[in-house]
Amino acid sequence: VSPRASHGSTQRLVSIFIVSAVSLGAILARLVVLQVRDAGALESRAVDQRIRDLTLPAPRGTIFDRGGGQLAMSLPARDVYADPRLVRDPQGEARTIARTLRLKVRDVRPLLATTTDRQGAPIRFVYVRRGVDLSLAKRLQDEHLPGIGFLGDTRRYYPAGSLAPQVLGFVGVDGTGLAGLEKQYQSLLAGRAGHEVVQEDPSGTLIPQAGTVSTPPVPGDDLVLTIDRDIQYRAQQSLADAVRRNHASGGTVIVMDPRTGDILAMATYPWFDPNRFAEANPDFLRSRAVTDVYEPGSVNKVITAAAAVQEGTVGLRHRFMVPDQLKVYDATIHDAETHPTEQMTLADIISLSSNIGAIKVADTLGQQRFYRYLTKFGFGHTTGLGFPGESGGILPPVDTWSGVSLATMAYGQGIAVTPLQMASVYATIANGGVRVQPRLVRGTVDADGHFQAAPASRTRRVVSATTARLVTRMLSYAVETGTGVQAQIQGYWVAGKTGTARIPRQDRAGYTRKTIASFIGFAPASRPSLVVAAMLDDPSTIYGGVAAAPLFQDVARFALARLRIPPAAKPPTPPHAVRPG
Amino acid sequence: VGALVVGIVTLQALVSQTSFRMQDLQARTRTLQQQYGERTLTVARLSSPDRIASAARHAGFVLPDPSQMYTLHVPGPRAGASGTQGAGSAPGSSAVKAFLGAQP
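Those sequence lines, one after another, are chains A and B.
With my numbering applied, the first sequence corresponds to residues 1 to 581, in that order.
With my numbering applied, the second sequence corresponds to residues 1 to 104, in that order.
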């Protein structure tokens, strides 16, 4: 081998070595970059591509009526979302989505076509529709639209439609209770969402044995209400009929069991369909039986009478001289009808609903004692129901009363209460003078199906059993011969009282010509099992005895039959001075 | 060694197969739960008072007029103590029989 050839060979070897060394160095450098410098970022990208973190929505608890009928329930659903930057044909995809989900193209297209927000930042996620039925979502999924994705969710259904909507309330698109019991028992009904981490291949198929981390969702508890859906339905139908018949603007009906405080029905007209609450008039969403106050009028005379009997300031045989009008301080107060000055017992005053008589009875008590009884019967504070937005009514402190306050409050003007507070007063008399806190929930059922009864309602004695019995006799007499004759129920003795309350002006002191007509009573009078409060707002028939008593009769008759409550003995007729009729 | 490799591969294949089957069964469980929920909702809708009242009206049922209804007082230890506010007195058995006519 010549030295020249040997030199050339060495040069080639050196060149190969250098190229190899440089190549290996480059590979090594790249390896260091990938394995050391970028390792974290690359691993995280790999995890992002492979691993999916899913939220498993917790099934919201069902709401049952007292008989086990579903009033509200949830089913799995899907949320449809879009990543507008991945959407290729906004118009075409909007048309497909609108057709499948029964939406309007003009509502969907902007969601898909808008790729940046007002600040110019890219939009990578926008909800197209939440709570879509699984079948519809599946149809849309099968279209394989670019940029459209799906998330697990649940949807709330109210299978009985417009049955007790203000009591049940409704939930928003994010599953949060926004009103009624759905709001009050949000934490109990909602449960706790679960979590699942799964690994998928590029086609979206789960990789078996790749390891998943799963925290199952905790379902919400079910709620069993005191509401009886048949009585509730009948109360709503009767109320709607009464509103139409009397050209009223609205109304309320409450049905209670005075022994347990269970509210069997609570209807407010007008109502709405909770399945479509967003379309409802906001004024119809409130359960006005507990959220709104009104001046009760003559139904309040039951407190005046009970206080006087309990305090012994008026004997049953005591006769008052009652004219048809009376000057009190700077006002002249009238009875509803003109009549000559006549003798009336307490039973006559209740039966004929004399305002002047009630004023004379309240005078025997004085302001402090009368105020104490208004408070004892529950005025001025909430009933303890805990319902969202519940009002405690308006009971002015006694030291702010004017010269006519005692007189007007004796017949139910100048104070404001909720219909439920007023129903609770009659329930107290019906329950032998013991007030039982009203309740809407009988108990809960956990995920394992165990029923947990709600604690018994709180009780408090307000007047003695004797007082309650004597007042019941007067109320029964009022239905037998007085202003409440239209509340009579064939086969039963009913105790109750009419009320015709004037509605205060909103703009200044004084009253409008409008009235709230009411009748509150219980049956059977001598063994009360049911209290029904019926109220109509601004009826053309004006008076409680004409407008509301038939509504009471209709609801109470149905409820007595439904609950199979047998008739009971007639209460003794109380001493009276005015000839009936 | 060869047998060990074949054994491991076979075991791995069986585990994967079982895993796929589990996924299928879980999916089926979800579908059946969904169907159960939908049927429960359907039953709840069908048994709602509004639907039943409407179906009854269509079938020709009507609510009785109060004047067509009698409340029967079952004689008991305190019979005679009770009366009726609306009717003045409870209808006797002859009145009820007259109302019922030839019906049992």
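For the record, the hints were derived by calculation from the structure and aren't laboratory data.
Quick reminder that beta carbons are idealized off the backbone N, C-alpha and C, glycines included.
Wrong hints could be hidden among the right ones.
[Claimed, not checked] Derived DEER-like restraints, expressed as beta-carbon distance ranges:
no.: 1; chain 1: B; residue 1: V15; chain 2: A; residue 2: G149; range: 28 to 34 Å
no.: 2; chain 1: A; residue 1: R579; chain 2: B; residue 2: H58; range: 32 to 38 Å
no.: 3; chain 1: A; residue 1: H247; chain 2: B; residue 2: Q33; range: 46 to 52 Å
no.: 4; chain 1: B; residue 1: L41; chain 2: A; residue 2: T400; range: 49 to 55 Å
no.: 5; chain 1: B; residue 1: A56; chain 2: A; residue 2: R124; range: 24 to 30 Å
no.: 6; chain 1: A; residue 1: D446; chain 2: B; residue 2: V15; range: 53 to 59 Å
no.: 7; chain 1: B; residue 1: S16; chain 2: A; residue 2: R85; range: 44 to 50 Å
no.: 8; chain 1: A; residue 1: L316; chain 2: B; residue 2: S54; range: 49 to 55 Å
no.: 9; chain 1: A; residue 1: R50; chain 2: B; residue 2: A56; range: 19 to 25 Å
no.: 10; chain 1: B; residue 1: Q34; chain 2: A; residue 2: A193; range: 28 to 34 Å
no.: 11; chain 1: A; residue 1: L86; chain 2: B; residue 2: S16; range: 49 to 55 Å
no.: 12; chain 1: A; residue 1: Y511; chain 2: B; residue 2: S54; range: 47 to 53 Å
[As the list claims (entries may be wrong)] Pulled from the structure, derived: some chain A residues nowhere near chain B, Cβ distances all over 10 Å:
no.: 13; residue: G25
no.: 14; residue: D79
no.: 15; residue: S162
no.: 16; residue: Q232
[To be verified] Part of the chain B face toward chain A, derived, beta carbon under 7 Å:
no.: 17; residue: G7
no.: 18; residue: T10
no.: 19; residue: A13
no.: 20; residue: D24
no.: 21; residue: L32
no.: 22; residue: Q34
no.: 23; residue: G37
no.: 24; residue: R45
When the hints from earlier in the document are held up against this structure, which numbers fail?
-> 2, 5, 6, 7, 9, 10, 11, 12, 15, 16, 17, 18, 19, 20, 21
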